[in-house]
Amino acid sequence: MEEGGSRIRRRVCVRKRDRPGLGCVPVTAAEAEKDDEEKDEEEMVAASRRRRTAGVQEAEPNDSEEDMFGDYDSFTENSFLAQVDDLDQKRMQLPEHKKHATNFASTDLGSESVKNKPSIAPVGTFADLKTDKHTENQSGREDVTVEAGAGLLYDVPSSQVLYFENLQNSSDDLGDQSTKERDRNSPYHKTLNEESPHNLIEQPRQNDESSSKVGTSSDVNRRKSVKDHLKSAMTGNAKAQTPVFSRSKHLKETLLSEEMSVAKKTIESSSHDLGPFYSLPSKVRDLYFQFKGIEKLYEWQHTCLTLNSVQERKNLIYSLPTSGGKTLVAEIIMLQELLCQQKDVLMILPYVAIVQEKISGLSSFGIELGFFVEEYAGSKGRFPPTKRRGKKSLYIATIEKGHSLVNSLIETGRVSSLGLVVVDELHMIGEGSRGAILEMTLAKILYTSKTTQIIGMSATLNNVEDLQEFLQAEYYTNQFRPVELKEYLKINDTIYEVDSKAENGMTFSRLLNYKYSDTLKKMDPDHLVALVTEVIPKYSCLVFCPTKKNCENVADMICKFLSKEYLKHKEKEKYEVLKDLRNMSSGNLCPVLKRTIPFGVAYHHGGLTSDERKLLEEAYSAGVLCLFTCTSTLAAGVNLPARRVILRAPYVAKEFLKRNQYKQMIGRAGRAGIDTVGESILILQEKDKQQVLELITGPMENCYSHLVQEFTKGIHTLFLSLIGLKIATSLGDIYQFMNGTLFGVQQKVLLKEKSLWEVTVESLRYLTEKGLLQKDSIHKSEEEAQCSFHITKLGRASFKGTIDLAYCNVLYKDLEKGLEGLVLESLFHLIYLTTPYDLVSQCEPNWMIYFWQFSQLSPAEQNVAALLGVSESFIGKKASGQAIKKKVDKDIVNRLYLSFVLYTLLKETNIWSVSEKFNLPRGYVQNLLTGAASFSSCVLHFCEELEEFWVYRALLVELTKKLTYCVKAELVPLMEVAGVLEGRARQLYNAGYRSLTHLANANPEVLIGTIDHLSRRQAKQIVSSAKMLLHEKAEALQEEVEELLRVPSDFPGAVAPSIEKA
-10 MEEGGSRIRR RVCVRKRDRP GLGCVPVTAA EAEKDDEEKD EEEMVAASRR
40 RRTAGVQEAE PNDSEEDMFG DYDSFTENSF LAQVDDLDQK RMQLPEHKKH
90 ATNFASTDLG SESVKNKPSI APVGTFADLK TDKHTENQSG REDVTVEAGA
140 GLLYDVPSSQ VLYFENLQNS SDDLGDQSTK ERDRNSPYHK TLNEESPHNL
190 IEQPRQNDES SSKVGTSSDV NRRKSVKDHL KSAMTGNAKA QTPVFSRSKH
240 LKETLLSEEM SVAKKTIESS SHDLGPFYSL PSKVRDLYFQ FKGIEKLYEW
290 QHTCLTLNSV QERKNLIYSL PTSGGKTLVA EIIMLQELLC QQKDVLMILP
340 YVAIVQEKIS GLSSFGIELG FFVEEYAGSK GRFPPTKRRG KKSLYIATIE
390 KGHSLVNSLI ETGRVSSLGL VVVDELHMIG EGSRGAILEM TLAKILYTSK
440 TTQIIGMSAT LNNVEDLQEF LQAEYYTNQF RPVELKEYLK INDTIYEVDS
490 KAENGMTFSR LLNYKYSDTL KKMDPDHLVA LVTEVIPKYS CLVFCPTKKN
540 CENVADMICK FLSKEYLKHK EKEKYEVLKD LRNMSSGNLC PVLKRTIPFG
590 VAYHHGGLTS DERKLLEEAY SAGVLCLFTC TSTLAAGVNL PARRVILRAP
640 YVAKEFLKRN QYKQMIGRAG RAGIDTVGES ILILQEKDKQ QVLELITGPM
690 ENCYSHLVQE FTKGIHTLFL SLIGLKIATS LGDIYQFMNG TLFGVQQKVL
740 LKEKSLWEVT VESLRYLTEK GLLQKDSIHK SEEEAQCSFH ITKLGRASFK
790 GTIDLAYCNV LYKDLEKGLE GLVLESLFHL IYLTTPYDLV SQCEPNWMIY
840 FWQFSQLSPA EQNVAALLGV SESFIGKKAS GQAIKKKVDK DIVNRLYLSF
890 VLYTLLKETN IWSVSEKFNL PRGYVQNLLT GAASFSSCVL HFCEELEEFW
940 VYRALLVELT KKLTYCVKAE LVPLMEVAGV LEGRARQLYN AGYRSLTHLA
990 NANPEVLIGT IDHLSRRQAK QIVSSAKMLL HEKAEALQEE VEELLRVPSD
1040 FPGAVAPSIE KA
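Going by my numbering, the first residue of the sequence shown is number -10, and it counts up by one from there.
Worth flagging that the hints you see were computed from the coordinates, not collected in a lab.
Everything numeric in this text was worked out from a predicted model, so none of it was measured.
Take these hints with a grain of salt, some might be off.
[Stated by the list, open to error] Taking lysine-lysine pairs in the DSS-like style, the calculated list, with each CA pair at most 27 Å apart, reads:
id : residue 1 : residue 2
1  : Lys272    : Lys347
2  : Lys906    : Lys583
3  : Lys439    : Lys303
4  : Lys553    : Lys563
5  : Lys1009   : Lys381
6  : Lys527    : Lys557
7  : Lys553    : Lys527
Put together the whole structure using the sequences plus the hints.
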């Protein structure tokens, strides 16, 4: 359409340079009827137009009606008018379609069958439907316009010229009128003061009368067909004595047919609805109601979506309290980019669990709206990502995987295909090594792509000016919360309400009125039972505890003092939860959960397995469980709101609470659509009172760059990738890049002793000494800033594998040493090589268990230990407590112990039995497995860059897969689906769903009846995720086939005929 549209535009511009191209004329011919006087005026315009044409003799007047058109004398037999009929039919149907599609803009988002729809149908124009490329064509029309001397349209039949001119003139009036009509009725044109934001998507019924008039007018206008236009124009030209042109009649007919074909395609494509819902198809709004039950947008959401910075695709940071609805705004902007701008989108989230939750939630939208949703977390993700033919991709990634993805796009020259990057929890840019990686990612995008928009959101931001300067972004903030939050402090028996207007920041609220026995006072000095029983089981409650062990103890203690009545609440459903927990853990069940779940209480922390955590979260969301005792990680993780949030103490582990942590925790109080108010209660001792008052009244913590503080994971990794990707290779360019980072913005605050230049020089010297970079030879006359570097093979492997530079040399030596006697009898040797280095320091071996496990090894596996320098006698002496003279590397010994854990886990595929064998928490074993899968993927990419390690490439592909899923082979295809963990996969497999195809074709309603403890929402998400994955695989295969059949671009032309003959 665009190509054709530009051709029409060029030709019209030759005739009349100051008139807009045809690409901007309305498709609909509504209100195009003319009376006789208007026709006479048109004929005069046509006559004057022909007089302006190059000196052509006027033809003799022709009095014969039958012969006045020459070869165009028949309206029924002409070769191109059959196309006109088709076009006319489509035009007749078009207003109906437009009206139907547009009506969704003015109805309530939740209405399934809408009555009395306002029928305000804006006249569709090409301009309304333009894409980015279209816009570029229009804005740069000077380049497209052909000079009159070129004679491109010299021989165009004047009937055609007059037709386009009439259509343009009539559309100008019509366009103005329809624009006013549309603006007047647009729900988004109204100011926020005029209309309540909660009803932005609803339209008043008073529009019915005016809309019916518009509908009647539309019916009248439709009577004038394209054929009538052509008849009128051609008759007018004949009366005006059409000059005789030099080109053949055949050329005239061909040209006219071509123009009609272009117009036909344009009208066909113009039926797509891309505007009612914030420039998105009205279908998007229906899907939000269908999948998420969202009927209305909040006022701030509408304001944010209509900001100039959003409309003009500028970078934006926005900040609101937790539960304010930030994510919905981000999703709508992402959909605008995918569907309207036709660009890929990257969404960066802090944790794997949140990535998987978001994949499940958005896969349904991808299926319905025609884009891919791809997971980049743990060991999942393809580098570079698959280049899609037609559909665009939404990449949902963790911080680390997002960085690797951006690197791969820059390396392959595809970073411009990334139209938008959305960062959730932007404040994490100031948190350790993960913050440094996030900063590197954003800095590279800013430096390499001027067309990629960046949007950051957070609930806890303070020094926003620094982030604005770094991201070159505008800032929007609002204190909106869908549910009012009341903050309280509890000291002894007294509860105070937080009041910023009060002198000391709080006012007396009430005394706790709960009869405590002496036993209860000793067991529960903080009165948790009293605070909890005020809300449960009718409402939900979260109790944040400082440590994991404290979570379990508090849950157990509360249940000891709850009455028997709590056991009866949803008794059957709680029994099902216990049954599912046993089934997914091969009959094992945590004794604490066994005691607490019947009361509707459970603990939630990192010591749970992924399966347990997911099942408990589902039970809590469904109201089966009413109380969680949890650590602070829940506040930053999946969304589990509650009526009341209690902070057991103002500490996280042994550190005093930070304000942003406090805000995130209390932000979970109040469930939109369920509660009218949310409450938070912070329990404190008298000694902490002053510090707590500063906490609740003080500002948020400032966000500072960790790029230099985290050397090996920060500035060193950054410089290595800058040179490896050829973003900046000279000292001067690297220094310039550093000035554009958040660290560069904050250098005056962060650098006290050294300058940024000195830090840059020192870091490059370190990388050169470590053998990761090499300095190019320079002439003495060149300045130091011109000194350039190139990356070594080891350096390239390190940055491609995203290996922590503190371990890259150790990893190389271990892999090299492994080649000397690689044992392939079992996976044990390979597992040792992929055991994460950063977990070794946390390991404290149980020497008796170590000795027992060592004795179970086969002779070949014991050779692996011998190769590493760890003997059975050494471990035996350690187990018996004997003194050891011979020194053995502690890190190697500890790493080998962790390898035993992983090796046993892969053989047994049961976390519970392994945690019992090694006396380790099951959550620790789970985290070890996840870390090993991710590190194995990194080692694989590391080996792919080094020829000497070719043997590891094939071996590590299979090992990575085993570590990722750690289940029996038959469950792996099901666990590829986002949100399906081992327990659920086993349920599905036992129910007969054995493959991805089975799941993709499953009926969610049947799944609900077949699979225990599966909600309708989860069933739909599983099916949607399976469909998405299946579509991605099918698309990849189609692309591979097309690539194989495509003639290479460098194919020598002379050889082609001989191959065809063959």
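Evaluation of the provided hints:
1. Restraint check for lysine 272 and lysine 347: the C-alpha separation of about 20 Å stays at or below 27 Å, so the hint holds.
2. Between the alpha carbons of lysine 906 and lysine 583 the distance comes to roughly 21 Å, so the proposed pair stays at or under 27 Å and holds.
3. With a CA separation close to 10 Å, the supplied pair lysine 439 and lysine 303 stays within the 27 Å bound.
4. Among the hinted pairs, lysine 553 with lysine 563 is consistent with the structure: their alpha-carbon atoms are about 14 Å apart, no more than 27 Å.
5. With a CA separation close to 23 Å, the supplied pair lysine 1009 and lysine 381 stays within the 27 Å bound.
6. A C-alpha spacing of about 13 Å is found between lysine 527 and lysine 557, which places the hinted pair at or below 27 Å, so the restraint holds.
7. Pair hint lysine 553 plus lysine 527 holds up; C-alpha atoms about 15 Å apart against a cutoff of 27 Å.
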